[in-house]
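The lines below spell out each chain.
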Amino acid sequence: MAKDTSFLEKSRQVEPPREAYKWIGKDMKRVEDPRLLAGKGIYLDDVQLPKMAHAAVLRSPHAHARILSVDTSKAKNLPGVILVMTGAEAAEVTGPTASFASPPCPQYCLAVERVRHVGEAVAAVVAQSRYLAEDAIDLIEVEYEELPVVVDPLEAIKSTGDAVLHPERGDSNVAIERTLRFGPVDEDFANADQVIERKLRWPRVGAVPLETCGAVASYDEGTGKFTIHANTSMYNYVGWLIAVSLNVPSHRVNIIPTLAGGSFGSKLFLHKVPTLAATLARASGRPVKFLEDRLDNLMNCDNHASDRVYNAKLAIKDGMMTGISFHVVDDYGAYLQFGYGTHGNALSQASGPYKLSSLEMNLVAVFTNKCQQGAYRGFGSEVMNFLVERLADAAIEELGDDPLEFRRRNFIKPEEFPYRIPTGNLYDSGDYPKVLDEAAELLDYPGWRKKQEAARKEGRYIGIGVATCQERSVFSATEFWFLNPDEAQGFTLTSSPEGVSVKIDPTGKAMVTLHAPFWGNSPETMATQILAEHLTMDPADIGISYSDTDSGLNGTGPGGSRYTVMIAGALTGAAGKIREKLLTVGGHMLEASVEDLELADGRVSVKGAPEHGKTIAEVALHAHYFRLSMPDDPLLTSGIDATHVYDHPLTTLPNGDRTDLGVFYPIMGHMCHMPVIEVDIETGKIEFLDYVAVHDCGTMVNPMTLKGHIRGGTASGIGTAMYEHFYYDEQGQLLNASFADYLIPTLHELPVDLRTGHVETLSPFTEFGIKGGGEGGRMGAPPALAAAVEDALRPFGVKIDELPLSPRRLRSLIRAAASSKV
Amino acid sequence: MKPSAFHYEKPSSLDGLLDVMGKHGEAARILAGGQSLVPMMNFRLATPEVLIDINGLSELDYIRQDGDSLSIGALTRHNVIYDSPLVAELSPLMAEAYKHVAHTTIRNRGTIGGNLSHADPSSELPAVCICLEGHMILRSKQGTREVPAGEFFLGALETAIQPGEFLAEIKIPVRKPGVGSAFEEVSPRRGDFATTAVAATLQIDGGICQTARIAHAAVADRPARIESAEAVLEGSALDKARINQAAEIAASETEPSLINYHGDADYKRDLLRALTKRALQRASENSVN
Amino acid sequence: MSSVTEIKQVRISLTVNGERHEHEVEPRRLLSDFLREDLGLTGTHVGCEHGVCGTCNIMLDGRTARACLLFAAQCDGAEIRTVESLGTVDKMHPIQEAFWEKHGLQCGFCTPGMLMSAAELLERNPEPSSEEIREAVSSNLCRCTGYQTIVEAVQDAATRIREQANG
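Chains as they are written, first to last, in the working numbering: chain A, 1360 to 2181; chain B, 213 to 501; chain C, 636 to 802.
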């Protein structure tokens, strides 16, 4: 598409990037760490309330069944048991849990009438201890009538009758079928010199943080109010939906966040866990802790991710990629908490870093008898990266092209930004050739090619992977509704804002209240560095806390690599107000006009005469206690404080027929991953020889923590690519629901030294030009590893179309290739 | 995930152990290192009524040479064996296999006796004991009996230990001069139970293989020797072709029955071939020392 | 099965972080729950309750152990150390300082167990090779960092401890 620079005029950037910073861009040690290192961080399980009781749930052993009867009498009679509640009993007082699907797909914190996957909670027990609660669970007797089980997503398309999971939505397990076309698809394919086709399979994996989801809920009969401690995000954005489930007005629910021991998306918005804990607290009259155990988390936490079967085509004309068309079947499992958001998300960067003119998606989302999908680092876009890069690699192979040259040729050029891709989304900025060049140099790409050639002569199979792909950041919520069916199209323009509250106390210390939780990222460090930069303060003088929903401002929280950008926006707004007040009060103290003053090095002083000034502490003291010594001014109230809610920096509406989705994910990061691996062709095991990842996340606030995200994200991407997979059998039993069998990589499975590099192209739309960087590693590693393994096994002509790259799979491919040669 | 209730007994002597075992019969389970049993209890896959904690029985914690045998008390922690110079000297195969056993924290608690009594078919040590033709010393009120390793493992999580008996000691022959050994394993992650493992010893004299012992793990419901592959080696000069032939036999004549998502039968055959070849190559190389 | 009420409690006397404790515990009470709930030492976290993740690693008589695979009843006479024994926010242990400096943590949930694994290694082996560090760290799962900075932190901690000893 032609360059449309009018977007630049829409930029609401207040704080342009600077030449030099004092705190931004520094490897500052994290503010969060001391308490975490001392074992003093308060995670969910550390919340203890007087008279608190413990809950456990009975998990369904069947993948699909009607619940005919539940006999809780024996469980109720067990000493120490306070309450036993079935799904039917819970549904009398508590409605369905929050669902973002349209039409909604009702789901309850305890299954009602029917179980739809193994591990779904059927009944709950509240007891004096978790031990007793589990004892009572074993005494609950449930009579089930088994129903046909649907496991294969392609079979699910054909389901009818009893095999349909949600008959009220119609006699089918197809949740939605939708075709979207962007640009001249037919023309591009008709004019193509080559059409590359690939069938791809992306496996079901999960976020699986080390801390499970949990909530401690209490109900105050006097005020009729719930207090819920939970390790959820988005509590200040959509937390009121829990009140809706509980059938109370939203001011009767206060959600207090705890630290989250990792989320990676899986705690984006907890629905079942806090709703259940609150339901049990109200019914039992006791504060109740419900913390998933690892089995609950693996089988019933909604953190399974995209599970997709692709049939994809790429049109090539004169060596250039012109169009991509794909059919995708996505196995959403039993429910639809986030609707089809993962496909909306993927369309934000569906053409990768390449200059395509058209794109077509045919989506078939199906229900099966598996745990439902939730959010996991990438939220569907990591799969899109895999698809685009697999197609690019296939084209390179077919054209006999060079992996670097082909990419360079097809890249969007640095001077073409801001750039609109066929789906309508905008890429704000980038320098893809520079990222590629830096990666190639850091790796010594030519050197490794020589080593590869020499090794092959010795019968060793070294492979070098190249993946150049996108990390869209800073979501706007239109992606959650623009795929809705025509009759329920959606809303007017959506924001996903982020708030902050800042006050300077009378001694000059800053107290920042964040309206979103910590979930393993570095929100306190980010806020500290950014506010220190704005107010020229010492970071040691800045304290951070987290609001609850009673006091909270709108805050969407971390997710979609948005938090650093968004909190920078919120802090820029708040700091501007604080700065103005400091100068105003300082002006009165110094008897100088505001225009003649500046805030520098923690002092308000006269420009050009820094000795004539007051420290922030002096000004703050004056503002707090001596307001009336200053002239009357309605804006000059006692104290120094500010709140600011920052809206999404750039969103536009999708059009009615969805041939243009509008701008919804414009802050575009980019990366190049180059792993070097060796395949042991006799055992199929993969060994890392080197790994380079170069990312562009705009202005880096803290290079050290950004590097941490890149390495950690790459580790989970390696998990997805090589180790992890939820294996369901034909009966819908989850075969590997344990940490012994669900293979989270240990240190030995990862590169010894993952070398990183950074390129900074600055966003013209965000404060300081920051872009998000929380998900990139996981979004780059899978296509890079698929390419590396394919490269290593090139002598066998093996194609990598499916993950994980388990040794069993590689051996099977090598075996098939060897026998076909005979 | 909390265990169901149980009675706790902690005998302070071997006689005391036999007494409480007699008292509770099959309702009781012995708790040694607990690194396999306690996870099963937390999952409530094991729900013993009585748990007999033998961790106070230091008389079961030793490593010593008894003539031609290396004797290891059942309560000896994995890491003690892992770090033992005596084991490294007298049984290089066991020492090497230990490099594949779990992680250090697990090895701190886990015991060799607990591991062998648990009889996980994917565990390394049962295959080592089979390969080395070790013996299990079982004790009961009736006295002591020695069971050859080859008769000890009866199936997945099943052994020849009878009610009223416990595993007291593991006895393996000391490595003889001229015997080479090697342990090869592929596992999903390092430290996991094996996808497939192969242990091998070779006694070579004048370039001719006198004795060959090859055992597999994680291929069937119990570890076993691959005698047909041993047979083609014994009495032969060990060249590459002969080793490949043995490896091919190991792959083709073993019927993998322990199969799951980590390894189907074809993959386990692939591993038997590759690992047998590698184990034999290395065993023949280090037999000279 | 015998009913729960007949189960005899076990009297234990043990030292935790240098402090003597006497308690009556139900035999099945996991050490992780005993430490967290009965003693209020919530620094020890629980990740999987089947011994794989290492989040609950504590030191039992000088060696790491999974607290979720031990019954408190077994710990009569034991000397136990948890993350709370290392250092405080104001006075960190060199291992904690090194983890802070090297960004060896993100969500912090695996960190207490990681720190105990590092402490065990460095107490037994003050100058570990990077291979020895990797072996020790491989005992614990971390979902955030990719482990590389943890290895660097343990290396750095070894240096800090040596310097303190010499200094």
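Bear in mind the hints are in silico, worked out from the structure with no lab data behind them.
Only a predicted model underlies this, so the values are computations on that prediction, with no experimental measurement involved.
Hints are supplied without guarantee of correctness; some may be wrong.
Said to hold, decoys possible - Quick list of simulated restraints, FRET-style, between CB atoms:
no., chain 1, residue 1, chain 2, residue 2, range
1, A, His1610, C, Val724, 50 to 56 Å
2, B, Ala368, A, Pro1420, 19 to 25 Å
3, A, Pro1438, C, Ser765, 51 to 57 Å
Said to hold, decoys possible - According to the in silico footprint, chain B covers these stretches of chain A (three or more CB under 8 Å from chain B):
no., stretch
4, 1489-1502
5, 1539-1546
6, 2009-2018
7, 2057-2064
8, 2079-2092
For every residue, glycine included, the Cβ atom is placed at its ideal position computed from N, Cα and C.
Hint check results:
With their beta carbons about 36 Å apart, His1610(A) and Val724(C) fall outside the hinted range of 50 to 56 Å. Separation of Ala368(B) from Pro1420(A) is about 22 Å and conforms to the stated range, judged on CB atoms against 19 to 25 Å. One distance hint, 51 to 57 Å for the beta-carbon pair Pro1438(A) and Ser765(C), holds here, with the actual separation near 54 Å. Beta-carbon proximity to chain B at under 8 Å applies to 5 residues in the stretch 1489-1502 of chain A; the threshold of 3 is reached and the given coverage holds.
Counting residues of the stretch 1539-1546 of chain A whose C-beta sits closer than 8 Å to any C-beta of chain B gives 0, which falls short of three, so the coverage hint is violated. Using a Cβ-Cβ cut-off of 8 Å, 0 residues of the stretch 2009-2018 of chain A lie near chain B, which falls short of the minimum of three, so the contact claim is violated. Counting residues of the stretch 2057-2064 of chain A whose CB lies closer than 8 Å to any CB of chain B gives 0, so the stated coverage by that chain is violated, three being the minimum. Under a criterion of three residues with beta carbons nearer than 8 Å to beta carbons of chain B, the stated coverage of the stretch 2079-2092 of chain A is upheld, 3 such residues being counted.
In summary, the numbered hints that this structure violates are 1, 5, 6 and 7.
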